[in-house]
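K.L.:
I would like the entire structure built from these sequences, with the hints used as guidance.
Note that the protein sequences, when read in sequence, are chains A and B.
For the first sequence, position 90 (counting from the first letter as 1) is numbered 90 according to this note's numbering, and the numbering increases by one without interruption.
For the second sequence, position 36 (counting from the first letter as 1) is numbered 36 according to this note's numbering, and the numbering increases by one without interruption.
These are calculated hints, taken from the structure and not from any lab test.
Treat the hints with care, as some may be off.
As the list claims (entries may be wrong) - Pairs of lysine to any residue, SDA-like flavour, derived with a Cα cap of 20 Å: (1) B:Lys76 x A:Pro15; (2) A:Lys16 x B:Ile143; (3) B:Lys98 x A:Gly24; (4) A:Lys113 x A:Gly133; (5) A:Lys35 x B:Trp82; (6) A:Lys16 x B:Val89; (7) B:Lys106 x A:Ile39; (8) A:Lys102 x A:Pro124; (9) A:Lys63 x A:Arg79; (10) A:Lys69 x A:Arg170; (11) A:Lys113 x A:Gln131; (12) B:Lys130 x A:Leu27; (13) A:Lys16 x B:Gln96; (14) B:Lys130 x A:Val17.
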Amino acid sequence: MPVNVPTKPVEDTVPKVNDEVAVGSDLEFQYRWWKFERIVWTFFLLIVIADVLGVFGRGPLAKAHARSKDGTIDLQYERVERFSTPSIMTVKFGPNAIRDGKIQLWVSQSVIKQLGNQRVVPQPLISTVGQDGILYTFPAASAPASASFALEPSSPGVFDFALQVPGAERLSARVYVMP
Amino acid sequence: MATIIHAVLGYIFLLLSVRVLSRRPGAQLTLFEFVLIFLMGGVIILATMGDDHSETNAVCAVLVVGLMHRLVSYVKSRFPRWDEWLDGVPLVLLEQGKWQTDVMNKMRVQDTDVMAAAREQGVRTLEQIKYAVLERNGSISIIQEKKSQ
Numbered sequence: 001m002p003v004n005v006p007t008k009p010v011e012d013t014v015p016k017v018n019d020e021v022a023v024g025s026d027l028e029f030q031y032r033w034w035k036f037e038r039i040v041w042t043f044f045l046l047i048v049i050a051d052v053l054g055v056f057g058r059g060p061l062a063k064a065h066a067r068s069k070d071g072t073i074d075l076q077y078e079r080v081e082r083f084s085t086p087s088i089m090t091v092k093f094g095p096n097a098i099r100d101g102k103i104q105l106w107v108s109q110s111v112i113k114q115l116g117n118q119r120v121v122p123q124p125l126i127s128t129v130g131q132d133g134i135l136y137t138f139p140a141a142s143a144p145a146s147a148s149f150a151l152e153p154s155s156p157g158v159f160d161f162a163l164q165v166p167g168a169e170r171l172s173a174r175v176y177v178m179p
Numbered sequence: 001m002a003t004i005i006h007a008v009l010g011y012i013f014l015l016l017s018v019r020v021l022s023r024r025p026g027a028q029l030t031l032f033e034f035v036l037i038f039l040m041g042g043v044i045i046l047a048t049m050g051d052d053h054s055e056t057n058a059v060c061a062v063l064v065v066g067l068m069h070r071l072v073s074y075v076k077s078r079f080p081r082w083d084e085w086l087d088g089v090p091l092v093l094l095e096q097g098k099w100q101t102d103v104m105n106k107m108r109v110q111d112t113d114v115m116a117a118a119r120e121q122g123v124r125t126l127e128q129i130k131y132a133v134l135e136r137n138g139s140i141s142i143i144q145e146k147k148s149q
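P.N.:
So, in C-alpha cells, the structure goes:
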C-alpha cells in the first residue's frame, strides 16, 4: 500500500544578498547577538572574580570569625560552604571554658544534620544527645584548647547554627551552602 | 533527582558557553576545540554525577542530556527565531570584491582563512571570489564570480 508523504511547494523564504545569493544572513540579529555576547562574557568574568574572592565559598571572603563576648568560644568557620564539599570549623576555648580538666561544648542539631559534621577532633570523651543538639565533653589540661569539626554539608541552603559552653554565652552564626 | 537537575543545568550552561565562544573558521575540530570539549565535559560530569557512580545514575544522566538535546532540536525547528539564537546566522565575509571588515574582526576571521577555504573549493585567487560566507557550522562557502553571472 503506497504511503502518502506530506509535501508542500518550495517557497523562496531565505533572505538574499544583493537579490542574487540566498544566504539567510541577518546582520541586525548578529549585532544584537554580539551585544549579548559581551554581556555574557562580562558576567562570566564577574563570576570568576567573585569565585576567586570567595563569594561562592573557599576563598578569603568566605572565611569568618566569631567570638563570644565572654571569651569562652572563639570560632573560625566558613560563612559560605559548598554542597558535599569538606571544610573545617575550629572552636578555640578560653581559659574559663575548662572546668575540672574537661570542656563541655553544646552544638546545635544543624551542625550535625544540615552542615554534615563527619567527625570531631579530638575524639570527645562523651557525646550526649538532647536539647536539640549534642553535648560533647572533651578532656582538657589548660588553655589554649581547641576542637575541630569536619563538615560536609548535605544540602544547599541557608542554615543557622549555635555553639555554647554550658553556663556561658551562646554563639550563633549563619552559613550559606552553595549548590 | 539531583542528577536530573544537574544534567539540565549543565547542558544549558555548556550550550551557552559553547555558543558565546564564537565560531572559528574551519568546520573541523582543531586542537583548541578538543581541549575545550574534554575539559568542559570533564568538569561538568563531576557535578552531574556527584558521589553517585552507579549505572542507574549514569543512565539517567545520559537520558536527560539526550532529552534536552531532542527538546532543543524541536525548539530550533519549530521556532526560527530560537534557531538564530541557538545556532547563529550565516555571515557574509566578502561581498563583490569588498571585505566585510567589521564582521571579520568580530568573528576573528582573516583573509587567509577565506583563501584557505577557496583553495579547498578549487578557487585560485581572490579575484575569482564573488561572495564568501561564514556558515553556521564554521565552514566558509565560496561563490565564484563566473558561476554567479
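K.L.:
Look at each hint and say if it fits the structure.
P.N.:
Cross-check of the supplied hints:
1. Our distance criterion of 20 Å between C-alpha atoms is met by lysine 76 (chain B) and proline 15 (chain A), whose separation comes to about 18 Å.
2. Between the alpha carbons of lysine 16 (chain A) and isoleucine 143 (chain B) the distance comes to roughly 13 Å, so the proposed pair stays at or under 20 Å and holds.
3. For the proposed pair lysine 98 (chain B) and glycine 24 (chain A), the alpha carbon gap of about 19 Å is at most 20 Å, so the pair holds.
4. At most 20 Å may separate the alpha-carbon atoms for a hinted pair to count; lysine 113 (chain A) and glycine 133 (chain A) meet this at roughly 10 Å.
5. Restraint check for lysine 35 (chain A) and tryptophan 82 (chain B): the C-alpha separation of about 17 Å stays at or below 20 Å, so the hint holds.
6. At roughly 13 Å between alpha-carbon atoms, lysine 16 (chain A) and valine 89 (chain B) fall within 20 Å of each other, so this suggested pair holds.
7. A threshold of 20 Å between alpha carbons decides the hint, and for lysine 106 (chain B) with isoleucine 39 (chain A) the separation of about 15 Å falls inside it, so the pair holds.
8. Distance hint between lysine 102 (chain A) and proline 124 (chain A) is fulfilled; the C-alpha atoms sit about 10 Å from each other, no more than 20 Å.
9. A hinted pair counts as satisfied when its Cα atoms are at most 20 Å apart, and lysine 63 (chain A) with arginine 79 (chain A) qualifies at roughly 6 Å.
10. A hinted pair counts as satisfied when its Cα atoms are at most 20 Å apart, and lysine 69 (chain A) with arginine 170 (chain A) qualifies at roughly 9 Å.
11. Between the alpha carbons of lysine 113 (chain A) and glutamine 131 (chain A) the distance comes to roughly 15 Å, so the proposed pair stays at or under 20 Å and holds.
12. For the given pair, lysine 130 (chain B) sits about 19 Å from leucine 27 (chain A) by alpha-carbon distance, which is consistent with the 20 Å threshold.
13. A threshold of 20 Å between alpha carbons decides the hint, and for lysine 16 (chain A) with glutamine 96 (chain B) the separation of about 14 Å falls inside it, so the pair holds.
14. Distance check on the hinted pair: lysine 130 (chain B) and valine 17 (chain A) sit about 11 Å apart at the alpha-carbon level, within 20 Å; holds.
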